[in-house]
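Asks: Sequence:
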Amino acid sequence: MTTRQIIKQLLERAIKKNYGKKVKAGVEKPQNFFFGDYATNVAMMLKQDPNKIALFLKSPLFEKVETKRGFINFFLSKEYLQKKVGQILKQGERFGDLKIGRGERVNVEFVSANPTGPLTLGNGRGGFCGDCLANILERSGFKVTREYYINDRGKQVVQLGHSVIGDEESVYKGNYIEELKGKMKGVLVKGPILVKVPAQKYADRVGEKAANIILKEMIKPAVKKMGIKFDTWFSEKSLYKKGEIKKTLSLLRKKKLIYEKEGAFWFKSIPFGDDKDRVLIKEDGEETYFLSDIAYLTDKINRGFKKIIFFLGADHSGYVQRIKAIAKALGFPVENIDIIIMQLVKLFEKGKEVRMSKRAGIYLTIEELIDEVGLDVARFFFLQRSPDSHLNFDLDLARKQSAKNPVYYIQYAHARICSILRKSPKYKIQDKGYKTLSHPSELNLIRQLIRLPEVIEDTVKDRQVQRIPQYALDLATTFHQFYRDCKVISDNNQSTKERLALVLAAKIILKNTLSLMGISTPEKM
RNA sequence: GCCCCUGUAGUUCAACGGAUAGAACGAGAGACUCCUAAGCUCUAAAUAGAGGUUCAAUUCCUCUCAGGGGUACCA
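639 is the number that our numbering gives the last residue of the first sequence; the numbers go up by one with no jumps.
Capping the alpha-carbon separation at 20 angstroms, the derived lysine to aspartate or glutamate pairs in DMTMM-like fashion look like this:
#1 421 x 407
#2 355 x 413
#3 438 x 389
#4 351 x 398
#5 369 x 391
#6 396 x 376
#7 360 x 413
#8 514 x 485
No lab work stands behind these hints, which were simulated from the structure alone.
Let the hints inform the model, and build the full structure from the sequences given.
Replies: Set out below in structure tokens:
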């Protein structure tokens with residue numbers, strides 16, 4: 115249990131016992147250390163005298179409990195903090211793990227870029243955030259599947275085909291199209307007749323082939339470079355091959371959710387909260403992506419996921435209502451669907467906006483960015499920002515500032531620890547004692563260390579991943595201050611021993627935090 | 001038109017309805033006889049505007065202004 119949870123429990127029990135009221139007490143870390151390690155506003159909420167409530171809260175956990183302006187402020191005792199060092203060492207990389215997921219299966223879908231071109235900065239943003247959230251969920255006791263949905267059929271594939279053929283219906287531009295032309299020369303030379311398909315199917319066929327190449331040779335390597343491992347690459351086309359589309363149609367018919375109008379088949383999505391009904395099969399007989407989406411969500415549900423999370427770009431914000439409408443129609447609890455909209459990344463060059471477009475062939479790929487600034491910097495850069503922020507990205511600036519990226523500040527703390535450990539005499543690390551750890555900077559460091567599980571807990575609840583880099587920065591600052599104030603290796607045997615234990619604990623937490631973000635932990639810098 | 005998101009130091013971003021609005025970069029100043037100076041310490045600098053709800057508003061509501069996205073028998 116986290117320290118915060120323990121305090122919460124103490125508080126809630128005391129209130130129930132003395133006031134006969136069941137409350138959910140809010141316990142938070144105050145912005146200013148002056149107000150203690152944790153604080154609650156519960157007295158104000160209950161309109162009770164905080165001093166009176168404070169009297170009920172006697173525990174060896176606290177050095178003191180104060181009240182100020184209606185708040186109750188908790189100051190953790192030295193003994194409690196010292197004890198925590200041993201606990202961190204004992205739990206090692208499991209420290210910070212929570213059990214709130216209870217083994218529940220979660221599907222996290224992210225990136226899912228169309229296989230019509232390279233992954234862009236926007237895909238990178240969603241990719242890093244999705245991956246980080248997946249890490250966090252895993253450490254919170256969920257069983258996570260990372261999934262990439264490949265839209266490998268439909269209109270954009272045909273358009274890709276035209277682009278590779280280079281006819282007048284060509285849409286996509288860019289170097290990669292030229293490369294594809296080279297790679298597919300064999301197919302292109304033969305033309306529609308020799309490939310033995312009707313002319314109108316030819317672009318489709320070329321597009322499918324091109325999409326495969328893009329997926330295999332551009333997207334998958336880029337994803338690998340991003341440090342992401344998907345458990346499932348789910349093909350839209352496979353829904354057709356497996357007959358899932360037909361099944362979905364008959365299911366919807368059975369539920370009387372389909373009607374015909376103007377030669378097309380429509381899904382009645384308005385009753386489920388959508389703005390308008392949606393077309394499933396167009397007048398020309400072509401199935402829409404929306405039909406696939408229904409089959410796809412059905413498939414996810416059938417695979418046994420209890421929670422389904424999507425990371426989508428803001429250009430897909432219109433999807434939210436539709437996905438929820440599908441879930442409702444399928445009888446899946448909407449509250450277990452979580453759609454995180456990432457606002458778009460705007461590219462700036464020399465202070466001027468460059469409008470990115472795969473169609474126009476203007477874009478910056480995520481691979482190019484990683485090549486320029488490195489993976490750790492790229493990950494940290496995107497993870498720091500709230501999904502809601504409209505991100506302005508200036509490559510020149512990023513390049514210039516990458517050497518000063520705060521991620522190095524954090525990694526530097528880790529490298530410093532490793533350096534100390536390399537120089538340190540060998541002690542057997544004990545998991546008890548630590549009575550000499552009492553310098554304010556030592557205790558502050560412990561205070562910071564034990565926050566990790568709380569940060570993870572908050573992030574699981576609201577999916578605001580930017581909390582993690584923020585915490586990592588705070589942690590590194592606290593460590594650097596400790597480093598300034600407390601020399602670890604000294605003539606004092608006992609102090610050296612205990613400080614080494616503390617440093618080791620800090621290393622564990624730093625590493626756990628950085629690995630949540632998928633950022634490396636160098637031993638030397 | 002309707003729907004979603006945003007507006008916070010010079011810049012890029014933080015802040016479950018809470019206390020003195022935090023960082024980083026940039027600007028200015030300082031400290032090393034000592035485990036890595038990619039570090040430490042200090043200074044200046046911000047909630048777009050107007051109302052409202054609340055004991056308490058950057059946060060919630062309404063309006064204004066300024067941006068981004070969506071609103072297809074495209075994906």
